[in-house]
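Throw the hints in and build the complete structure from the sequences for me.
All the letters of the sequence shown, read from the start, carry residue numbers 6 to 659 under my numbering.
Because the hints were derived from the structure by calculation, they are not lab data.
Since no wrong hints were added, every one of them can be taken at face value.
Simulated crosslink set (BS3-like; lysine-lysine; CA at most 30 Å straight-line):
hint, residue 1, residue 2
1, Lys310, Lys325
2, Lys74, Lys362
3, Lys21, Lys42
4, Lys433, Lys76
5, Lys479, Lys443
6, Lys538, Lys522
7, Lys538, Lys433
8, Lys433, Lys479
9, Lys522, Lys540
10, Lys325, Lys460
11, Lys22, Lys74
12, Lys329, Lys460
13, Lys69, Lys21
14, Lys491, Lys540
15, Lys42, Lys22
16, Lys225, Lys362
17, Lys433, Lys21
18, Lys433, Lys443
19, Lys76, Lys106
20, Lys491, Lys443
21, Lys69, Lys160
22, Lys76, Lys42
23, Lys479, Lys460
24, Lys517, Lys538
25, Lys74, Lys160
26, Lys479, Lys491
27, Lys460, Lys503
28, Lys22, Lys99
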Amino acid sequence: MPWWKRTNLKRKKERKKQTIPVIGMACASCSANIERKLNELDGINEASVSLPGRSALVDYDPEKISLEKMKSEINGIGYDLVIDKQTSVEEVEKRAYTLLKRKTLLSWVFSIAVMCVSMQWINLGSRDISNQVSLLIALANMLYCGRQFYVTSWKQLLHGTANMDTLVALSTGIAFLFSTFNTFWGDAVWASRGIVWHTYFDASVMIITFVLTGRLMEEKAKDGTASSIRQMMGMAPKTAHIVDGDKIEEVPISTIEVGDVLEVRPGEKVPVDGEVISAESFMTPDAAYVDESMITGEPTPAEKKKGSKVLAGTIPSQGKFRMKARQIGEDTALAHIIRMVQEAQGSKAPVQRIVDKAALIFVPVVACIALITFLLWWIIGGNAYLPQAIISAVAVLVIACPCAMGLATPTALMVGIGRAAQRQILIKDAAALESLRKVNALVTDKTGTLTIPNKDVDFTKADNLPLESREHLKPNARQAMEALQKSGIEVYMMSGDKEEAARYWAEKAGIKHYHSKVMPQDKENLVKDLQSKGKFVAMVGDGINDTQALALADVSIAIGKGTDVAMDVAQITLMGDDLSAIPEAVRLSRRTVHMIWENLFWAFIYNIVCIPLAAGLLYVFGIDWQITPSWASALMAFSSVSVVLNSLRLRWSK
Numbered sequence: 006m007p008w009w010k011r012t013n014l015k016r017k018k019e020r021k022k023q024t025i026p027v028i029g030m031a032c033a034s035c036s037a038n039i040e041r042k043l044n045e046l047d048g049i050n051e052a053s054v055s056l057p058g059r060s061a062l063v064d065y066d067p068e069k070i071s072l073e074k075m076k077s078e079i080n081g082i083g084y085d086l087v088i089d090k091q092t093s094v095e096e097v098e099k100r101a102y103t104l105l106k107r108k109t110l111l112s113w114v115f116s117i118a119v120m121c122v123s124m125q126w127i128n129l130g131s132r133d134i135s136n137q138v139s140l141l142i143a144l145a146n147m148l149y150c151g152r153q154f155y156v157t158s159w160k161q162l163l164h165g166t167a168n169m170d171t172l173v174a175l176s177t178g179i180a181f182l183f184s185t186f187n188t189f190w191g192d193a194v195w196a197s198r199g200i201v202w203h204t205y206f207d208a209s210v211m212i213i214t215f216v217l218t219g220r221l222m223e224e225k226a227k228d229g230t231a232s233s234i235r236q237m238m239g240m241a242p243k244t245a246h247i248v249d250g251d252k253i254e255e256v257p258i259s260t261i262e263v264g265d266v267l268e269v270r271p272g273e274k275v276p277v278d279g280e281v282i283s284a285e286s287f288m289t290p291d292a293a294y295v296d297e298s299m300i301t302g303e304p305t306p307a308e309k310k311k312g313s314k315v316l317a318g319t320i321p322s323q324g325k326f327r328m329k330a331r332q333i334g335e336d337t338a339l340a341h342i343i344r345m346v347q348e349a350q351g352s353k354a355p356v357q358r359i360v361d362k363a364a365l366i367f368v369p370v371v372a373c374i375a376l377i378t379f380l381l382w383w384i385i386g387g388n389a390y391l392p393q394a395i396i397s398a399v400a401v402l403v404i405a406c407p408c409a410m411g412l413a414t415p416t417a418l419m420v421g422i423g424r425a426a427q428r429q430i431l432i433k434d435a436a437a438l439e440s441l442r443k444v445n446a447l448v449t450d451k452t453g454t455l456t457i458p459n460k461d462v463d464f465t466k467a468d469n470l471p472l473e474s475r476e477h478l479k480p481n482a483r484q485a486m487e488a489l490q491k492s493g494i495e496v497y498m499m500s501g502d503k504e505e506a507a508r509y510w511a512e513k514a515g516i517k518h519y520h521s522k523v524m525p526q527d528k529e530n531l532v533k534d535l536q537s538k539g540k541f542v543a544m545v546g547d548g549i550n551d552t553q554a555l556a557l558a559d560v561s562i563a564i565g566k567g568t569d570v571a572m573d574v575a576q577i578t579l580m581g582d583d584l585s586a587i588p589e590a591v592r593l594s595r596r597t598v599h600m601i602w603e604n605l606f607w608a609f610i611y612n613i614v615c616i617p618l619a620a621g622l623l624y625v626f627g628i629d630w631q632i633t634p635s636w637a638s639a640l641m642a643f644s645s646v647s648v649v650l651n652s653l654r655l656r657w658s659k
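Structure follows, in structure tokens:
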């Protein structure tokens, strides 16, 4: 076994990396609290929680901590981890979405009812009866539709943390209790002092209604960010045809074992990775043709004969074949790709770390601002302004939105990484996607990276053949190199070939800088030299001789048909031979990072502008207007949804 395989095997025995679905997250504070809790547990090396991905990427030591222990700890703070592989996460999320939709619709019914009563559109005879009916409607709304806010915030309080649910529970609780007090003792306490009093049951109900509506819209929008993963998961078939002597039986894919013989017919999906043992088609008696474009991006069906490898998820376009299962379940290439994309989407860009720290202190800071707002109104206006003080504090609690900040970065990253995966560009982590935009120098290997050797050539006699007969440029190689150079990236070609061949292929590819007769150390030295000149360097390679330079480069890109070790070192893997994927990845990186900063800008501006308006700042300037609690809840919901929808624009950008 090669040394790099042995090293990886040893490392995997000591620690394990797994993406675990998380249930119950609603805002950035939720994901930050779960992440902090996981990272505090002994045995977890690193945990990263994605809010839009609804998952936790956990690097842990199975000998020190179990998944059951993690689940128990997370349950304690009001959330849940799905660790049972038999549990369908999609079904759990579907049921949760259906329940959320039901609660939202019912909450709207309660909102309309309480508005009709409180605004006296329905005349119940007296103010007292109207207030008492409104109280009962608001209480029903809180106990059923808004129950999750109070349960979660209580669990958070017990553990000394807070999240968006805390703000909702505080604001609606204060509005409800103050209104209840006014309903039964308003005349005795306020009217006797000449103070006009009101109840705010409508605000209590509308806050819950708008927050639930916002979450429903968020869930629908966030569903779009995960579409690339679902599409890839959909490539894997549910059943397979197993050959047992003269019988062929259709069985669930989960029952297939290594060594089983399977038959794959035209139009069916290959169930697992394996080796062809026989094939036939009307074009060729001993070969079938398989569409591998979903894995490699190659449009031309690949010929498959006895001994050829086939991958799960690919589809025979002509002919049928029998195969022996070699890699099953999580060991298939498709499962590895899905796992890699999930881990990348669950990882965090450097900018997200700053936002996460802000999210942890956001809710306590907002609670303090609300308290200061209440005290200022009360101190300046006295008891006569106590109702105004309470409502202003409630509006501040509701308008503040950590969700928008928390969603700004991960939604853009999820869409960007998913979009890349659909184009056969596999990105290992968010940091790689963020770094790619800064590249201004690219070093590329020649043979196997820029060019494809001619398999029919006898290389012992290659020196006597024209250069074009020995190898040819990969699809769109020249266009890709020209596009990179037009975007401000200097391209350097490195080749172990002699000067004449290196110069010829550099000119064919449109590359100005090239080096010939290089050794692996020379590639590393060039990367070092460029970095010493202040360049941000990307390295593209496909072989073991490229690994030194790949490891040193600021961004490393491997060709998917290269060696395992090159792909293991690289941060980005191109699954096909179309080199136009490189400038496309650079453009996608720049677009994604631009989207992140755009999202963060609007998220911060929203909070900076809206919190003072909710507190009643305009009264200082003689303007008799402020954001009410009901409007605050609507604006808060809109801010979160707008960030997600803005990120989804990446899916349709050219």
